[in-house]
Amino acid sequence: MSGQTKLFGDKAFDLLKELERSSQTIPAFDDDGVRQVLEEIKAIFEENVAQASSYNASGDRSLWPLLNFRHAALQRNKRCLLAYLYERCKRIKALRWEFGPIIPGDIKQSLCEPEVHFFNNYSKSLAAYMCSAGYNQGLPIDLTNNLRPPKSLYIEVRCMEDYGKFELDDGEVIHLKKNSQHYLPRAQVESLVRQGILHHIA
Amino acid sequence: MFVQDLRNDFYRQLVGKRILIVVNYDIDAICASRILQALFKYDHMLYTVVPIMGVTGLKRAYGEHQGDVKFVVLVNCGGCVDIVELLQPAEDVTFFICDSHRPLDVCNIYSDRQVCILGDASLEENIPAFETIFYDSEGEEDDEEGESSDQEQQNNDSGAGESDQEDQAPRGHKLSRLERHEQRILKQRARRQWESERDRIMFEYTQFSYYGRSAALLVFELAWKLSKDNMDLLWWAIVGITEQLLLGKIESGSYTLELEQIQSHVSRLTNKTNDQNTMSASKICFENDLHLVLYRHWPVTESMRYSRYASCQLKLWTLRGEKRLHELLLEMGLPLVHARQTYGAMDLVLRKEFYSMVERLAEKYDIPDIVYGTFTLSYGYRSRYAAADYVYALLAIMESVKKHKTPEDCFLEASDALSRQHKHLLSAGIDQAKLLHAAVFRQVQSSLEARQVHSAGSFFYYVLQEEHAFFSYPYALGLLARFLLRGHVATSRARQAPDLPLIASCPLDAAQGMCLLVGIAPVREDSPRNFFGKAFEQAAQKSGVALLQDFFEPAVVQLRQSDLTRFLDALTVLLT
Numbered sequence: 001m002s003g004q005t006k007l008f009g010d011k012a013f014d015l016l017k018e019l020e021r022s023s024q025t026i027p028a029f030d031d032d033g034v035r036q037v038l039e040e041i042k043a044i045f046e047e048n049v050a051q052a053s054s055y056n057a058s059g060d061r062s063l064w065p066l067l068n069f070r071h072a073a074l075q076r077n078k079r080c081l082l083a084y085l086y087e088r089c090k091r092i093k094a095l096r097w098e099f100g101p102i103i104p105g106d107i108k109q110s111l112c113e114p115e116v117h118f119f120n121n122y123s124k125s126l127a128a129y130m131c132s133a134g135y136n137q138g139l140p141i142d143l144t145n146n147l148r149p150p151k152s153l154y155i156e157v158r159c160m161e162d163y164g165k166f167e168l169d170d171g172e173v174i175h176l177k178k179n180s181q182h183y184l185p186r187a188q189v190e191s192l193v194r195q196g197i198l199h200h201i202a
Numbered sequence: 001m002f003v004q005d006l007r008n009d010f011y012r013q014l015v016g017k018r019i020l021i022v023v024n025y026d027i028d029a030i031c032a033s034r035i036l037q038a039l040f041k042y043d044h045m046l047y048t049v050v051p052i053m054g055v056t057g058l059k060r061a062y063g064e065h066q067g068d069v070k071f072v073v074l075v076n077c078g079g080c081v082d083i084v085e086l087l088q089p090a091e092d093v094t095f096f097i098c099d100s101h102r103p104l105d106v107c108n109i110y111s112d113r114q115v116c117i118l119g120d121a122s123l124e125e126n127i128p129a130f131e132t133i134f135y136d137s138e139g140e141e142d143d144e145e146g147e148s149s150d151q152e153q154q155n156n157d158s159g160a161g162e163s164d165q166e167d168q169a170p171r172g173h174k175l176s177r178l179e180r181h182e183q184r185i186l187k188q189r190a191r192r193q194w195e196s197e198r199d200r201i202m203f204e205y206t207q208f209s210y211y212g213r214s215a216a217l218l219v220f221e222l223a224w225k226l227s228k229d230n231m232d233l234l235w236w237a238i239v240g241i242t243e244q245l246l247l248g249k250i251e252s253g254s255y256t257l258e259l260e261q262i263q264s265h266v267s268r269l270t271n272k273t274n275d276q277n278t279m280s281a282s283k284i285c286f287e288n289d290l291h292l293v294l295y296r297h298w299p300v301t302e303s304m305r306y307s308r309y310a311s312c313q314l315k316l317w318t319l320r321g322e323k324r325l326h327e328l329l330l331e332m333g334l335p336l337v338h339a340r341q342t343y344g345a346m347d348l349v350l351r352k353e354f355y356s357m358v359e360r361l362a363e364k365y366d367i368p369d370i371v372y373g374t375f376t377l378s379y380g381y382r383s384r385y386a387a388a389d390y391v392y393a394l395l396a397i398m399e400s401v402k403k404h405k406t407p408e409d410c411f412l413e414a415s416d417a418l419s420r421q422h423k424h425l426l427s428a429g430i431d432q433a434k435l436l437h438a439a440v441f442r443q444v445q446s447s448l449e450a451r452q453v454h455s456a457g458s459f460f461y462y463v464l465q466e467e468h469a470f471f472s473y474p475y476a477l478g479l480l481a482r483f484l485l486r487g488h489v490a491t492s493r494a495r496q497a498p499d500l501p502l503i504a505s506c507p508l509d510a511a512q513g514m515c516l517l518v519g520i521a522p523v524r525e526d527s528p529r530n531f532f533g534k535a536f537e538q539a540a541q542k543s544g545v546a547l548l549q550d551f552f553e554p555a556v557v558q559l560r561q562s563d564l565t566r567f568l569d570a571l572t573v574l575l576t
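Just so you know, the protein sequences line up as chains A and B, in that order.
In terms of the numbering used here, the first sequence is residues 1 to 202.
In terms of the numbering used here, the second sequence is residues 1 to 576.
Careful: at least some of the hints might be erroneous.
What the hints assert, rightly or not - DSBU-like, lysine-lysine: derived pairs with alpha carbons at most 35 Å apart:
#, chain 1, residue 1, chain 2, residue 2
1, B, K402, B, K434
2, A, K177, B, K423
3, A, K178, B, K352
4, B, K70, B, K283
Please keep in mind that the hints were generated in silico from the structure rather than gathered at the bench.
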């Protein structure tokens with residue numbers, strides 16, 4: 001029993017550490033870890049319930065501190081789990097801003113079912129908001145452009161792969177070929193930069 | 001057509017347009033294009049930069065962008081070929097050529113609208129006059145028309161002519177026919193004469209290939225006239241002209257003249273920018289420096305050994321040369337311990353005195369030309385580079401083609417290394433340059449010891465038998481050839497040796513059996529004139545060898561390895 005109490009909360013903490021340390025955009029949902037933490041919580045709770053009922057019967061106050069301690073551990077596990085989920089939600093939200101309404105396949109694999117659901121809902125509300133934000137102009141505003149205020153309207157980009165012709169809003173046709181360098185309006189090429197076809201030269 | 005007023009006739013024309021910038025693979029071109037890009041950025045003009053290598057590259061690059069762009073700027077390429085004929089552009093496309101290669105193609109010079117050459121027509125030498133090289137084709141047509149109407153008349157005559165003309169016409173006709181015949185022959189003779197005269201003039205004009213003003217400097221002056229110049233742009237211009245000096249593309253006289261102008265730019269800009277912060281401020285200073293490769297980043301002994309000038313004067317590849325070097329160091333008072341470690345780690349006192357020590361002894365050791373005026377750029381606390389350091393580093397980067405690294409990658413890397421934010425690229429380039437120069441020296445040493453430089457009577461030739469990681473590229477082979485020629489002349493006893501040029505060849509691609517051929521002007525020749533471009537062409541014609549004159553440097557060609565002997569024989573016949 002004493003050996004186990006030492007490990008109270010360790011699993012939950014590991015879960016968070018893993019998430020923070022991973023270098024991926026979003027690591028795979030740790031089903032196993034979450035389940036283990038939940039089991040731990042359940043076990044603690046059951047022990048507490050058992051002792052509480054025995055206390056009710058006997059009125060022995062000597063178990064009070066232990067009861068409190070277990071309760072604190074339980075609370076902490078719960079907080080850790082919530083933090084884990086919240087952090088993942090935050091990252092999923094960031095995904096929407098970075099990659100647009102469609103999640104790339106490899107990232108989708110690391111999301112669990114409710115998370116995908118959350119993403120879709122989030123995406124939907126964002127789209128609804130963007131439509132309403134641009135209502136006065138009659139056009140929806142794409143808020144995901146220009147996440148940071150741009151320093152200049154144009155950027156210098158280098159083409160990383162053969163893309164072919166690319167038409168700008170004003171009808172200019174740019175031939176994007178590997179290893180050529182261009183100076184183009186930021187707003188129109190930002191998506192290409194995100195896709196990795198163009199590389200922004202600082 | 002020459003465009004002299006760059007601000008109005010070149011830049012103002014381009015404002016607000018979309019521009020294609022085609023850049024040749026050389027440092028001067030890179031610098032010029034960087035300056036142009038900076039200018040275009042100020043005015044938010046869309047541009048596309050495409051690096052190209054050779055004429056086929058130019059054709060391909062233009063073909064890809066054809067139809068989309070109306071204004072093309074060619075940097076250090078295209079001046080020597082007939083652009084209109086080569087690219088077959090649409091009527092509304094305008095080319096601006098900023099090329100330091102000479103001689104310029106006459107069709108480009110006399111193009112009335114489509115091709116504009118940036119530069120001053122009065123600075124160009126002996127351009128043939130329009131009448132002497134272009135025949136007035138309209139006159140010819142008239143002539144033919146005359147003939148045809150003449151025939152018509154004849155037909156009329158033989159047919160039912162009018163009665164009163166019938167008596168006079170045949171007589172007058174006979175007379176005039178004889179006269180006409182005579183006239184025609186005279187005309188033909190005149191034409192032939194004119195043609196041979198034109199061929200002579202054209203030959204004289206195109207015989208030597210040489211270089212004009214640095215493109216980077218030309219573009220910088222445009223920036224200055226637009227009041228958009230700053231320290232960075234000036235530094236790029238300096239790097240451009242230093243490349244010309246180091247690769248022997250400019251006479252030392254005109255270099256000195258340019259120096260004065262640059263100096264005034266330097267002092268003007270230094271006064272204008274009063275950035276007091278040591279970390280961010282960049283400072284360009286004019287100073288006398290030594291013709292030693294990268295000596296600020298290398299031990300002194302190494303640098304001396306691997307520099308062409310010092311090494312050849314002191315014959316440092318021999319044992320005696322080595323002794324002489326030690327003698328020099330001794331007399332300079334530079335301890336060997338210090339001379340053998342990196343310059344930056346040398347004692348501060350020695351470092352400060354190094355220049356004056358070398359200068360003092362230059363006369364005695366017969367290396368008077370080791371001193372030259374140049375500029376250094378310093379920024380931050382540690383970074384201090386001479387313009388030559390930049391040039392050598394960029395050269396090494398451009399030639400660092402590997403399997404996973406295409407020439408275009410190298411070009412872009414070199415272009416990046418120019419800006420101050422990418423210092424690591426530059427220092428990597430300096431390290432590569434060290435390897436390159438060490439390799440050149442070792443090759444020279446072994447070739448001279450094995451006596452691999454052969455004389456063909458009117459020129460020397462040197463053939464590398466195997467593909468080489470360094471020398472399969474034009475600039476590196478050029479460096480090697482120049483070093484080798486100087487070294488050979490220094491050791492050779494023959495009196496006419498300094499007057500003979502050298503041809504060096506290196507296999508390019510074992511699979512295709514092609515090799516690279518570089519012609520180097522004689523040591524005694526101070527001007528950057530090189531007659532090999534024309535000579536190669538004629539020798540190829542005579543021997544029937546397929547020659548690939550794809551590079552914009554006419555003295556660098558490619559041909560089949562198997563044709564090499566035949567070609568050299570033809571060249572020997574031609575040049576004797």
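Self-check item: Indices of hints not satisfied (ascending)
Solution: Result: hints 3, 4 break, sorted rising.
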